Amino acid sequence: MGDHLPNLLTLARIGLVPAFVAAFWLPMPAGRWVAFVVFLVAAVTDYADGWIARKRNAESRLGAMLDPIADKLLIAAALMMLVYMDDIRGFVIVPALVILIREILVSGMREFLATIHVQVPVSSISKFKTTVQVIALAILIVAPAIEHVWGGLHQIGIVSLWGAAVLTIYTGASYVLANVAHVSGEHARPRRRHAERTS
18 MGDHLPNLLT LARIGLVPAF VAAFWLPMPA GRWVAFVVFL VAAVTDYADG WIARKRNAES
78 RLGAMLDPIA DKLLIAAALM MLVYMDDIRG FVIVPALVIL IREILVSGMR EFLATIHVQV
138 PVSSISKFKT TVQVIALAIL IVAPAIEHVW GGLHQIGIVS LWGAAVLTIY TGASYVLANV
198 AHVSGEHARP RRRHAERTS
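Counting from 18, one number per residue, gives the positions in the sequence shown under the numbering used here.
If you are wondering where the hints come from, they were derived from the structure by calculation, not from laboratory data.
Predicted, not measured: the structure shown is a model, and the values here were computed from it.
Treat the hints with caution; some may be incorrect.
[Claimed, not checked] SDA-like cross-link-like pairs, simulated, lysine to any residue; straight-line CA separation at most 20 angstroms:
hint: 1; residue 1: K89; residue 2: L43
hint: 2; residue 1: K72; residue 2: H21
hint: 3; residue 1: K144; residue 2: V183
hint: 4; residue 1: K144; residue 2: R127
hint: 5; residue 1: K144; residue 2: H21
hint: 6; residue 1: K89; residue 2: V58
hint: 7; residue 1: K72; residue 2: K89
hint: 8; residue 1: K89; residue 2: L57
hint: 9; residue 1: K89; residue 2: H165
hint: 10; residue 1: K89; residue 2: P161
hint: 11; residue 1: K144; residue 2: A155
hint: 12; residue 1: K72; residue 2: L22
hint: 13; residue 1: K144; residue 2: A65
hint: 14; residue 1: K89; residue 2: A39
hint: 15; residue 1: K144; residue 2: S191
hint: 16; residue 1: K89; residue 2: V123
hint: 17; residue 1: K144; residue 2: L184
hint: 18; residue 1: K89; residue 2: Y192
[Stated by the list, open to error] DEER-style ranges, computed between Cβ atoms:
hint: 19; residue 1: H21; residue 2: G169; range: 37 to 47 angstroms
hint: 20; residue 1: E164; residue 2: I142; range: 14 to 24 angstroms
hint: 21; residue 1: M82; residue 2: P46; range: 16 to 26 angstroms
hint: 22; residue 1: H165; residue 2: V193; range: 22 to 32 angstroms
For glycine and all other residues, C-beta sits at the position ideal for the given N, C-alpha and C.
Take these sequences, add in the hints, and give me the full structure.
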């Protein structure tokens, strides 16, 4: 069970996405509280599956493939529903788009790098970006349910979302610059030239 637990947690996170989306159609404020709890549980499994996999040396190819998919499904679903429910609107759609575009770009690069057996570890700043992103979305999800108690909570969520977008741009640009040589094939060229000289 221990060896499979990280993958089961990742699969559970994927399974929570439809429940998270459905919660937005429940009556207010209960629906937002349900969505908030489901979102936080899913976010916790993101941390837990990686920690357990490293602790028990149970990292697998399946987990490496499913984990980023689960993360992106959850974040994309949260952004989509917040836009649909008008919690994110107007110019604030810009940071939401920045986050989505970065996730798609990095996913595409990771998929390509995997085909040439290049693995890129997640940096500490990327982990911090993810934390800020989750906090921002969690605040925006629950804000309408407690706006009668704390009317400024939505604005805090918006500011946090902009902060997450800035970190997203920085980490995305750093990732691209760090791996552009692999994508362009420049790392392979010296070996080819060496082979030509020795042939």
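Here is how each hint holds up against the structure:
Restraint check: the Cα-Cα separation between K89 and L43 comes to about 24 angstroms, which exceeds 20 angstroms; the hinted pair is violated. As the CA atoms of K72 and H21 are separated by approximately 13 angstroms, the hinted pair is consistent with the 20 angstroms bound. For the hint pairing K144 with V183, the CA-to-CA distance comes to about 14 angstroms; that is within 20 angstroms, so the pair holds. Only pairs whose Cα atoms come within 20 angstroms are accepted, and K144 paired with R127 is accepted, the gap being roughly 16 angstroms.
Pair hint K144 plus H21 does not hold up; C-alpha atoms about 24 angstroms apart against a cutoff of 20 angstroms. Among the hinted pairs, K89 with V58 is consistent with the structure: their alpha-carbon atoms are about 15 angstroms apart, no more than 20 angstroms. Note on K72 and K89: the hinted pairing is violated, with a Cα-Cα distance of about 24 angstroms set against a maximum of 20 angstroms. Under the criterion of a C-alpha separation no larger than 20 angstroms, the hint pairing K89 with L57 is consistent with the structure, at around 15 angstroms.
Restraint check for K89 and H165: not satisfied, since their Cα atoms lie roughly 32 angstroms apart, outside the 20 angstroms limit. Between K89 and P161 the CA atoms are separated by roughly 24 angstroms; this puts the pair beyond 20 angstroms, and the hint is violated. Of the supplied pair hints, the one linking K144 and A155 holds, its CA atoms being roughly 16 angstroms apart against a limit of 20 angstroms. A threshold of 20 angstroms between alpha carbons decides the hint, and for K72 with L22 the separation of about 12 angstroms falls inside it, so the pair holds.
The hinted pair formed by K144 and A65 meets the criterion: a straight-line CA distance of about 14 angstroms does not exceed 20 angstroms. Distance hint between K89 and A39 is fulfilled; the C-alpha atoms sit about 18 angstroms from each other, no more than 20 angstroms. About 14 angstroms separates the Cα atoms of K144 and S191, which keeps this hinted pair within 20 angstroms; it holds. Distance check on the hinted pair: K89 and V123 sit about 11 angstroms apart at the alpha-carbon level, within 20 angstroms; holds.
Restraint check for K144 and L184: satisfied, since their Cα atoms lie roughly 10 angstroms apart, inside the 20 angstroms limit. Of the pairs offered as hints, the one joining K89 and Y192 holds, with about 17 angstroms between alpha carbons and a cut-off of 20 angstroms not exceeded. Checked against the hint of 37 to 47 angstroms, the pair H21 and G169 passes, with Cβ atoms roughly 44 angstroms apart. The given range of 14 to 24 angstroms is broken by E164 and I142, whose C-beta atoms sit roughly 32 angstroms from each other.
In this structure, M82 and P46 break the distance hint of 16 to 26 angstroms, their C-beta atoms being roughly 37 angstroms apart. Between H165 and V193 the CB atoms are about 44 angstroms apart, so this pair departs from the stated range of 22 to 32 angstroms.
Violated hints, in rising order: 1, 5, 7, 9, 10, 20, 21, 22; the structure is consistent with all others.
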